[in-house]
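Take the two lone chains and join them into the complex the hints point to.
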Amino acid sequence: MSVFVPRPLTVQWQEQYQILAEHARDQRLARFYRAPMVSADTPLDQVPLLALDVETTGLDAQNHCIVSLGLIPFNLQRIHCSQARYWVVKPKSELSSESITFHHITHSDIRYAPRVEQVLGELLEAMTGCVMVVHYRNIERSFLDHALQQAVGERLHFPVIDTMELEARIHGSQRKPSWWDRLRGRQPTSIRLADSRLRYNLPLYQAHHALTDALATAELLQAQIATHYSPETVIGDLWN
Amino acid sequence: MQIELLEIRDHLSRFPPFEGLPDESLDELAQNTEVGYYKAGTDIFTFGSEIKDLHYVRSGAVEVYRRTGELYNRLTEGDIFGQFGLLRNHKVRFPARAIEDSLIYFISGQVFEKLCENNDSFADFVEAEGQSRLKAAVSSQGKTNDLMKIKVRKLIDRPAVTVDISATVREAAQVMDAHNVSSVLIVDPSVEWPNSRLTSVANQAMHVMVGIITDRDFRTRVVAQGLSADTPITEVMTNNPITLQSDDSVFEAILCMLRNNIHHLPLVHRRRPVGVVTLADIIKYESQSSLYLVNNVFNKQSVDELEKLLPDIRATFIRMANEDASAHMIGRAMSGVGRSISQRLLELAEQELGPAPVPYSFMALGSMARDEQLIVTDQDNALVLDDSFDAKLHDDYFLKLATFVSDGLAACGYTYCKGGIMATNSKWRQPLHVWKQYFNDWIDNPNPEKLLNSSIFFDLDSIYGEAELVETLKDLLAERASDSPRFLAALARNALNRTPPLGFFRQFVMETDGQQKHIINLKGRGTAPLTDLIRVHALACGSKAQNSLDRLDAIAATKLMTPEAISHLRYALEFLSLVRIRHQALALTEGGDANNYIEPEKFTSTERHNLKEAFQVLSQAQNFMRFRYPYNAPQKPRPSVSQR
Chain R
843 MSVFVPRPLT VQWQEQYQIL AEHARDQRLA RFYRAPMVSA DTPLDQVPLL
893 ALDVETTGLD AQNHCIVSLG LIPFNLQRIH CSQARYWVVK PKSELSSESI
943 TFHHITHSDI RYAPRVEQVL GELLEAMTGC VMVVHYRNIE RSFLDHALQQ
993 AVGERLHFPV IDTMELEARI HGSQRKPSWW DRLRGRQPTS IRLADSRLRY
1043 NLPLYQAHHA LTDALATAEL LQAQIATHYS PETVIGDLWN
Chain D
4 MQIELLEIRD HLSRFPPFEG LPDESLDELA QNTEVGYYKA GTDIFTFGSE
54 IKDLHYVRSG AVEVYRRTGE LYNRLTEGDI FGQFGLLRNH KVRFPARAIE
104 DSLIYFISGQ VFEKLCENND SFADFVEAEG QSRLKAAVSS QGKTNDLMKI
154 KVRKLIDRPA VTVDISATVR EAAQVMDAHN VSSVLIVDPS VEWPNSRLTS
204 VANQAMHVMV GIITDRDFRT RVVAQGLSAD TPITEVMTNN PITLQSDDSV
254 FEAILCMLRN NIHHLPLVHR RRPVGVVTLA DIIKYESQSS LYLVNNVFNK
304 QSVDELEKLL PDIRATFIRM ANEDASAHMI GRAMSGVGRS ISQRLLELAE
354 QELGPAPVPY SFMALGSMAR DEQLIVTDQD NALVLDDSFD AKLHDDYFLK
404 LATFVSDGLA ACGYTYCKGG IMATNSKWRQ PLHVWKQYFN DWIDNPNPEK
454 LLNSSIFFDL DSIYGEAELV ETLKDLLAER ASDSPRFLAA LARNALNRTP
504 PLGFFRQFVM ETDGQQKHII NLKGRGTAPL TDLIRVHALA CGSKAQNSLD
554 RLDAIAATKL MTPEAISHLR YALEFLSLVR IRHQALALTE GGDANNYIEP
604 EKFTSTERHN LKEAFQVLSQ AQNFMRFRYP YNAPQKPRPS VSQR
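These protein sequence lines map, in sequence, to chains R and D. Residues 843 to 1082 in the numbering used here are what the first sequence lists, from first letter to last. Residues 4 to 647 in the numbering used here are what the second sequence lists, from first letter to last.
For the record, the hints were derived by calculation from the structure and aren't laboratory data. Some hints could be false.
What the hints assert, rightly or not - Pairwise CB distance ranges, derived in the manner of DEER restraints:
(1) R/Gly963 - D/Ser193: 24 to 30 Å
(2) D/Arg274 - R/Ala877: 37 to 43 Å
(3) R/Gly963 - D/Thr223: 51 to 57 Å
This one's a predicted model, so the numbers in the text were calculated from it and none came from an experiment. Quick reminder that beta carbons are idealized off the backbone N, C-alpha and C, glycines included.
Chain D with its partners taken away, still in its complex shape (with noise of 0.2 Å):
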């Protein structure tokens, strides 16, 4: 029977594990569902108790107890209890109490298990605990990012144009018309749903759909046979059109398309239309995939039309992160694109300027060097120079030459960088062996405060010219830093000038924005912090490496940590990056500004969950390097001490 429960399968959509679900398992899981109220203070379960169902908060608030009465966990609308009792003979582990006024649904031991058997990702969701969880969801994230999981659904942006089967051939193109379409759908009012007597329908669209007619089905089968516009649209239409359902994948729809030969292909949601994906549909989602972004990058002949793929650069970002792609692959890719821009305007700057009197190497720094760039972002660069450059026959033409790259990176959506570090700036525009005083400086006369504005040229690496100048000072910073725990502890001290927002009792410690909302800076409170934290480490290991992943391994190679230790940083980074984007990506989709403040609030229970797990090895780490590192001790790291 279709019944529609529709507040207990709405509310049961947006929370996880039943967010992925398909929807016809929601709506079965819907209509299984049973509902119970307890008051606040009353037992819902006790130890050894048989349980038979999997226990959701709708709302209210649950608290889950060890045997030994001590609190394991508070749980809030959209959390489940009761998933390790069910996964272990049936009994209770963790009783629970009801400690606010909570409504609470039921689900079925056999429909939990249907639904662990069916979905892997309700399976993992369900047994994972803790950080396992958080491992989890991180490497849940890589494995969907193809064309075979991206549901075809996702290309629709509009509901299904239709008109009734009594319309004629004018009325149908009037229709297509008014909504500027290229096809429309043929519906049929007096067919009979099965079971239309029990299921509420809601509007036009839930009718059955009996035809198709594309613009092409007009100029073939009505102009080209001289047809009145008063022919009825039954006798030109394509009778019952090949569908998919909007479940299906992109890939799915790509191959009907192919196989069928239609550039139109209607989506379905059971039997009621719901859209049409057209091939244009199709080929544009591909093109906004980075690859094609960075090809487009270099046929672009000025600044002028580098600019206007700003908004082509914003879909791939969103595209990106609504694929589920890693955040260490859209840090690569959007990276790529910061790097191709950069080298094209370099080469627009040399076109523009003539070749360059003595050969240069333009250097980036920060996120762009580590590949770690999102979407908003500071350019940060410098040149450094061969030891033949003369300041008075040749420092004119690289100020020309910045000026033109930093110009045009502005134009592009790069802001300027508000420290100044730009190779406009005749301090960050020098010949190597000024460079090699920098860094000789920096190391041997470390002071935290120094250091505070240099930690960024830490990051570093070539992206145009004579890469050679630029690997002489990462082979110098990786050789000396490694031997200077003075300069090691003066990093790590300010490594730990911020912290993760997290308070004694593991609750959010926010900040108040201007609009009075309650907020965490994810980058300055989590992805900052750790990326510095990384940085020590890598240097103290004489490693290369820019990227943090890539230094992780090196860390990893060293044993100056455990391998825990390392994947917990691992998955912390990739987790709190991902929900920046994810939080970037959904701001730019609703017209917005992407910025790096979240309000924990409007998250899941479960992303509320990992986000604190993730500041806590945040937190763990830091702890390490404070006694790691010991800042006023000046001598040598003990090498052997591992990380508990």
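Just chain R, same shape as in the assembly (with noise of 0.2 Å):
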């Protein structure tokens, strides 16, 4: 077993959601945070679970734009591809060749796309009382939290379980190699998600698909529980 650095605060996303559900007033923004959140002592095995990521023309919500979404409810024992969801959304700002090279998701594709907007209320639907599991929560959340304020005028606020960070703690002491291991030529460990799935010997996936990624999160997280925590642990240790 790794060693853990100490664990945050942990947040009472219960607490937070009926604060929330109070002030919100858009309708399907209201329902979502009305819908009961575990409370953080929920072992991990009762938590319903939901793998996101989304693919963005940038790294910068302010300035860049979502172009497809993935996500996949999950528990730690299976993951239901048949509820999985997959959206290629129409972006305000142009497709850079850069970001198309990436995603291969090109001008003919968005023609007639919907724009993010239209797709809110489904995908708020599908995130309803799941805790969501993301690799680097920075960029999922920034950005479902930017076209909120940028359809409804409302920020957007949950749950998360951040299989990077996850993956940082449990390498913790390795990822900043000494002067003496720098020396003989250690490289940090790497987090990134096809690195991090290496170590659980999960398959090889074609990177930057929307849902693929999705379901290469799922997959690490399980790999991760299995190997470093347990199906008690609780949901509390690893939210955000």
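Next up, the structure:
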């Protein structure tokens, strides 16, 4: 078992949601917050999880846009592909050539695609009651929050398990090699999605397809829990 | 909902029994799959527990145990397990445990049952076990060898060429010219796909097709009507053309083209155009049949012309392999081609040299005589001359004849025999009485060393001239061999020189080739020792048959071996030959040279499993032979012994 850094202050998302529900003006958002959220002491194997990935034109939510979203519900035993969802959406800004080579989503693909606002209702419905699982939370959180602000002028908050952050915790001491390690040419442990998966003997996938990345993230969390945690680990230890 | 779970779908599509499923079934399968991760050492299910899903190893390794705890099977990427539990009251029969970190796909019982109901080959696969699976693998081959089964998408060698609906006649013609095609599809990017919001749309070819225009249309609808090159393409195209699903058969395509009198048929995958098949494609495809090839051989007027058939011979071979023809059929067809080329060469030689001074037979030896020739093959031949032959007077003629044929065969891809077993060698260009002496000497004074290089003469057939001459030798061999235990023992001993590549624990024992790849010599360690073994038994039975399957029939008639042992040999030979054929066809398709060396690592686990089964059959049969024809024990073989 690896060494853990002191765990962050447990966020009480159950209470947060109740407060947010009272202030939400948009109906869809209010419904989203009103649905019951698990308490922080719920064991992981009783938590409905939703792997989520958004592909974007860049890294900054203020200046870049979402081009596709993929999500897939799961629990510690099974990933449910039959309930997977995937959308290509039309970004407000132009697609850069870099982002086209990255996601393989082209101008003609998005010409008739819906705007992100049009899929928000379905998205929120799918997310309702679930704890989101992402690899590097800053992207999904900030882009979805921004999209909601643009669409209805309200903020979006939700609990997230960040598989990248879990990897950082697990490999804490090895991530920043000491001067001695660096002298010996030791590289810091990579916590990128594909590299993290390899450590759990998970197969290589084609990267940067939102649904494939969501599936890859769900599998990674199952592997992390099976290897370093237990099904009884409480959600409060992992979420943010 | 159309969601493409590409990683799951693509992986399933590469492994049996899913690899043969139609696209629709694969999509449905991927969408209904569940996924779970198992750490090394964890149980996946235990004995007697309820099982609801078919399990598929996406990555890692799983061991399946018998009730006693004994290891039943070890499974890796692409293997399935749990099917026996699903087929028998949904109770686990063989518990399973992950022995490496494993990612498992779960396919629900309902989907599994539906697949079994709708796909015979899927049902056969999941219900078969062990050698019965090998048997199923072989018997499923023969059934699919016709135009009804071959998917029309096989005829397409390029993606659909399309133009936008806004194009002019000139632009369409320019696109056709640039791609060197005789038709172009017109697509409308503004038509929304059903569910387009939910599918990932990857390229332009996925737009909805609204029309087609062909070379002929340009003539009749544009030029003949005096229309300008700036006419919108929509005014002259054929609207909503007749299409066929890419999954449909070639036969279906022929019918469709005949019924509608069209020469260009767009193929679609669901509604997405994937290509156009033309009448010329179908004619070209048909013309590669071996029958056409054999007819063609006899029209050739020179060695040069025959040589030009080489690509056609290869194409026929590849095509038969791709059409899942049986190894037996392919062997017969390729031998037939080889025989007709030899015959044509002899005709041409006689035209040049004049008629033969004495009667003769041109004799094929080895694989051609057995009708088991494949694409990479030496020429093994000899001349049996009438006893009126006088070397001083006639040998000059026969040497020229032999040289003409041998050089011609070499030009057509049948390389010279390294062992010199060719009619150009004076030792193998002899009158009948000398040949009788050869055969009598081999039978009367056998020793393994002497017979090592002459066993090829025990597969013999006349392919041109006086067949009687060779028949006399066949009779002599068949009559005398069965009464000559020392001869049979010496042959058997040689047949045991090459053993199957299996280790003590049934793992493959591999050789390393020049490029450090781990390989198995499929001919040397598989089909050749099998045919050697079958030959020994056939000679012991006094059979004159040459083809290995015919020989097995002859052996079966004598009760020398049990019917089970015979059928195992039959399937093993067919299977190993098929793997060899596929391997060679693939190499030729990829522009490489065909050889007999396979890399088991590149095979699916089912194929590896079946290979092991087939090698196991050879190994068991060799053990039986060792005991049946004991060397150093020159008494008559005991006739009543059966193989267990």
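Here is what the structure says about each hint:
R/Gly963 and D/Ser193 have their C-beta atoms about 26 Å apart, which keeps the hinted 24 to 30 Å range intact. For the hinted restraint 37 to 43 Å between D/Arg274 and R/Ala877, the CB-CB distance of approximately 38 Å keeps it satisfied. Between R/Gly963 and D/Thr223 the CB atoms are about 53 Å apart, so this pair conforms to the stated range of 51 to 57 Å.
In summary, the structure agrees with every hint in the numbered list given earlier.
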